[in-house]
Amino acid sequence: MVQANDPFVSFKGVQKSYDGETLVVKNLNLDIASGEFLTMLGPSGSGKTTCLMMLAGFETATHGDIELGGRPINNIPPHKRGIGMVFQNYALFPHMTVGENLAFPLKVRNMPTAEVEDKVRAVLDMVQMLAFIDRKPAQLSGGQQQRIALARALVFNPELVLMDEPLGALDKQLREHMQYEIKHIHENLGVTVVYVTHDQSEALTMSNRIAVFDDGIIQQLADPVTLYEKPENAFVAQFIGENNQMLGTVQSVSKNIATVKLEAGDVVKALAVNVGAVGSRTTLSVRPERCIVTAKKSAGTSSLDARIEELIYLGDHIRCRMSVAGDDQFIVKVPNTSGQLGLEIGALSQIGWKNDDCRALDFNEPV
Amino acid sequence: MADSQTASLEPITAADGTPLKKKLAQALFRSRVRAVSLVVPLFAFVMASFVIPILALMWQGVYNDRFSSHMPNLTERLTMWDGLTEPNEKMYEALVADLKTARADRTIGRAATRVNQEFPGTRSLFTSTARKAKKLKPPFKESVIKANKKWNNIEVWQAMKITSQDLTPGFYATALDGRYTVDQGFVRQDENRQIYVKLFWRTMLISATVMGLCLLLGYPVAYLLATLPLRASNLLMIMVLLPFWTSLLVRTTAWIAILQSQGVINDLMVFVGITADDARFSLIYNMTGTIIAMTHILLPFMILPLYSVMKTIPPSYMRAARSLGATPTMAFIKVYMPQTIPGIGAGGLLVFILAIGYYITPALVGGQDGQLISNMIAYHMQKSLNWSLAAALGGILLAGVLVLYWAYDKVIGIDNMKLG
Ligand SMILES: Nc1ncnc2c1ncn2[C@@H]1O[C@H](COP(=O)(O)OP(=O)(O)OP(=O)(O)O)[C@@H](O)[C@H]1O
Ligand SMILES: [Mg+2]
Chain Y
1 MVQANDPFVS FKGVQKSYDG ETLVVKNLNL DIASGEFLTM LGPSGSGKTT
51 CLMMLAGFET ATHGDIELGG RPINNIPPHK RGIGMVFQNY ALFPHMTVGE
101 NLAFPLKVRN MPTAEVEDKV RAVLDMVQML AFIDRKPAQL SGGQQQRIAL
151 ARALVFNPEL VLMDEPLGAL DKQLREHMQY EIKHIHENLG VTVVYVTHDQ
201 SEALTMSNRI AVFDDGIIQQ LADPVTLYEK PENAFVAQFI GENNQMLGTV
251 QSVSKNIATV KLEAGDVVKA LAVNVGAVGS RTTLSVRPER CIVTAKKSAG
301 TSSLDARIEE LIYLGDHIRC RMSVAGDDQF IVKVPNTSGQ LGLEIGALSQ
351 IGWKNDDCRA LDFNEPV
Chain F
1 MADSQTASLE PITAADGTPL KKKLAQALFR SRVRAVSLVV PLFAFVMASF
51 VIPILALMWQ GVYNDRFSSH MPNLTERLTM WDGLTEPNEK MYEALVADLK
101 TARADRTIGR AATRVNQEFP GTRSLFTSTA RKAKKLKPPF KESVIKANKK
151 WNNIEVWQAM KITSQDLTPG FYATALDGRY TVDQGFVRQD ENRQIYVKLF
201 WRTMLISATV MGLCLLLGYP VAYLLATLPL RASNLLMIMV LLPFWTSLLV
251 RTTAWIAILQ SQGVINDLMV FVGITADDAR FSLIYNMTGT IIAMTHILLP
301 FMILPLYSVM KTIPPSYMRA ARSLGATPTM AFIKVYMPQT IPGIGAGGLL
351 VFILAIGYYI TPALVGGQDG QLISNMIAYH MQKSLNWSLA AALGGILLAG
401 VLVLYWAYDK VIGIDNMKLG
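Here the protein sequences line up with chains Y and F, keeping their order. Position 44 of the first sequence, counted from 1, bears residue number 44 in this note's numbering, the numbering being contiguous throughout. Position 307 of the second sequence, counted from 1, bears residue number 307 in this note's numbering, the numbering being contiguous throughout.
If you are wondering where the hints come from, they were derived from the structure by calculation, not from laboratory data. Beta carbons are placed, not taken as given, at the ideal position from N, Cα and C, and that holds for glycine. Be careful, since some hints might not be right.
Claimed, not checked - Think about it this way: if two alpha-carbon atoms lie no more than 30 Å apart in a straight line, the pair counts; the simulated DSSO-like pairs of lysine-lysine are:
1. Y:K107 <-> F:K334
2. Y:K107 <-> Y:K183
3. Y:K80 <-> F:K334
4. Y:K136 <-> F:K311
5. F:K311 <-> F:K410
6. Y:K172 <-> Y:K136
7. F:K383 <-> F:K150
8. Y:K136 <-> F:K334
9. F:K137 <-> F:K149
10. F:K311 <-> F:K334
11. F:K311 <-> Y:K80
12. F:K311 <-> Y:K107
13. Y:K230 <-> Y:K172
14. F:K90 <-> F:K134
15. Y:K136 <-> F:K410
16. F:K149 <-> F:K90
17. F:K90 <-> F:K137
18. Y:K119 <-> F:K334
What the hints assert, rightly or not - Negatives, chain Y to chain F, calculated, CB over 12 Å:
19. L30
20. G64
21. D327
Please build the complete structure, drawing on both the sequences and the hints.
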């Protein structure tokens, strides 16, 4: 599906600085295929909006090229780029009705009035808002405004649509509903979407690929499954989903399996993903649902002594906070199967995982 | 249906058993009393210093008892007179009697002035006849006319009949270049004595021009203020406010220095060669001077409301418009400008209303044709001492402003106005 050979949008060595002192975006290389849904995910201030603004033409790249359909667009003004955009606060024109808002991009393109009318109705129908055509934006709820903003960005058939945290202002339920709808529209229309969010579940639900941003750098660019299952560095492992991190020193590496001595003294085995030479420091990352609580050590797995500190009953699983290797924030999700109900606070047990489920990543000083 | 009816029969009660409605009313009453007591001092101040004086002045525009209070006997006779027949002996007798007392009380001047306002040139008639009043013998009609034959002119008597009425539309008629007469009611003033209506129009025209210029000059400045980075916009704001901190007189005098025919601008234009040395522009002591100086003085009143509106317009609207394909110009006209209409309305109204009543600047730099109606009002207050006419002129001006305000409310809506 993703064709890396003929990218539709391409960032080539893009850098951006606002003040001439710090780089907000550092050497961004990113290819986006036609029809792809790509999400930029990252903490606040990581430069996501800045990248989007450079693509839309509201900010200029300090260095590097941005190409759209194979042409460099650095010198093309925003109104000639033909990129649809959904803003975080929707930016619906308050003095125009919903219909006028939608007709705006068509009128500035000198489309005949009758055609404008048809097009506006068609796209309003698509977002199920036809009944609201004569309302002013102020008379709409947040979710309704969101749909109109989406419709307005799509009404002139752009090939590329940018969305900057479009669901940020909505409540959880509406947000999930809209995620589904946006995904649906994307699939039906086949437009390329670049989507910005700092909500990881949103990114996982909607995207073909996710670019995880931190500190102006793409930490990892991959599809949701890979991102969750195979994080390449400690930041991604930490940022996507829940994980337990342990710090240690590499003792030896053989056949991709590293032997790591933890700071508390225990020795465990882990998949060597992103580790330096023997003797370098590393961060081990294990997902809570990949940990196995057992009574005694078993072969082929690493195993540590653990003490149960807290139990939270969540129905389908039990969330278990434990002290492991000097860390009392170690989380384990125990599936609610009949054999597991004997857990008790204060009980001592063993905790283990398959060697492949524990990833040895770059060293990342915990904050 | 039946359920809700039975329920509504029993009043809902508060915790202590009193009906909820009564309890609520009590609570509201207390908070209302508190609110009222907070505004009472201000209300009293505004009443005493603003509303009452204005009402008193407005009253003067239609009420003037100068004549009737000093010429009581004659007033009585004039009321009975139909205003068309020859004045009879009784009226002359009353005239002589009143002239005598008025002369003794030294109030003859006041009554004479009042009639003179209605029929110019009659002041000396009263004072000279009053001087002779003691010696006049019956029959008074003949002796009075003998003393001064102008008394034979029925128009003098008609003017006295008009002025003897305390409650009169005469001043408003005068303020609108008309005259109120005994026989024909309202008539238009002679062509060469019509000044006020023309002056009202000129005031409107100058105010509208000043408003237009302020908008033209102020809009880009307000836009810069609202969009520049903080440091630059702060500096600009200081420059906008600087005129506020300078005395009006100093500013106006500065304009005199700059605009006069030997002033900076003319010197510059002669130097550059735009005009010959002997054909310098007259930029001051005329309408041009008034417009230039007033535009400068009123500019901040346009910029500040505009700025306060523009500041609330997030830049994302312009960005959205441009991402939708509008050129920067188009985005500005179609998306930005419509959102600034409340500011344009507020600034325009403010500048227009201030301009309409402007007084010092036109007086200093306006010359002959740069005078506004307010200068005429001041003239009647201070020089001609015809307060009633001044009040009538002021009343018309006030009515004009109220009409404007009403029209604004209809067209744009006062709620939409943003002053800061
Ligand atoms: N106009 C600007 N001038 C100067 N610095 C800016 C400007 N816009 C953004 N920055 C800085 O650039 C960095 C990246 O900002 P950006 O808006 O791209 O973050 P983001 O990833 O979109 O964050 P968020 O999730 O909070 O929206 C931040 O440190 C921010 O302070
Ligand atoms: Mg952002």
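Review point. Can the restraint linking K149 of chain F and K90 of chain F be considered satisfied, given a maximum Cα separation of 30 Å?
Key: 18 Å, holds
Check your understanding: Taking only the CA atoms, is the gap from K90 of chain F to K137 of chain F under or equal to 30 Å?
Key -> With a Cα-Cα distance of about 13 Å, the restraint between K90 of chain F and K137 of chain F holds, given a limit of 30 Å.
Check your understanding: For the pair supplied as a hint, K172 of chain Y and K136 of chain Y, is the alpha-carbon distance within the 30 Å limit?
Key -> 25 Å, holds
**Study point:** Straight-line alpha-carbon gap K311 of chain F to K334 of chain F, limit 30 Å
**Key:** 18 Å, holds
Point to revise | Interface-negative label, G64 of chain Y against chain F, beta-carbon threshold 12 Å | key: 22 Å, holds
Practice item. Take the C-alpha atoms of K383 of chain F and K150 of chain F, compute the straight-line distance between them, and say whether it is at most 30 Å. Key: 27 Å, holds
Practice item. Please work out if K80 of chain Y and K334 of chain F have their alpha carbons no farther apart than 30 Å. Key: OK: K80 of chain Y and K334 of chain F at ~18 Å, within 30 Å.
Practice item. Could you grab the alpha-carbon distance between K136 of chain Y and K334 of chain F and see if it respects the 30 Å cut-off? Key: Since the Cα atoms of K136 of chain Y and K334 of chain F sit roughly 16 Å apart, the hinted pair holds (cutoff 30 Å).
Point to revise | Pairwise hint evaluation, K149 of chain F against K137 of chain F, where the allowed Cα distance is 30 Å at most | key: Measuring from Cα to Cα gives roughly 16 Å; hence the hint holds.
Exercise for review: Sort out whether K334 of chain F lies within 30 Å of K119 of chain Y, counting only the CA atoms.
Suggested key: 21 Å, holds
Point to revise | Given hint K183 of chain Y paired with K107 of chain Y - CA-CA distance at most 30 Å | key: 28 Å, holds
Check your understanding: Between K311 of chain F and K410 of chain F, is the straight-line Cα distance small enough, at 30 Å or below?
Key -> 26 Å, holds
When each numbered hint is compared with the structure, no violation occurs for any of them.
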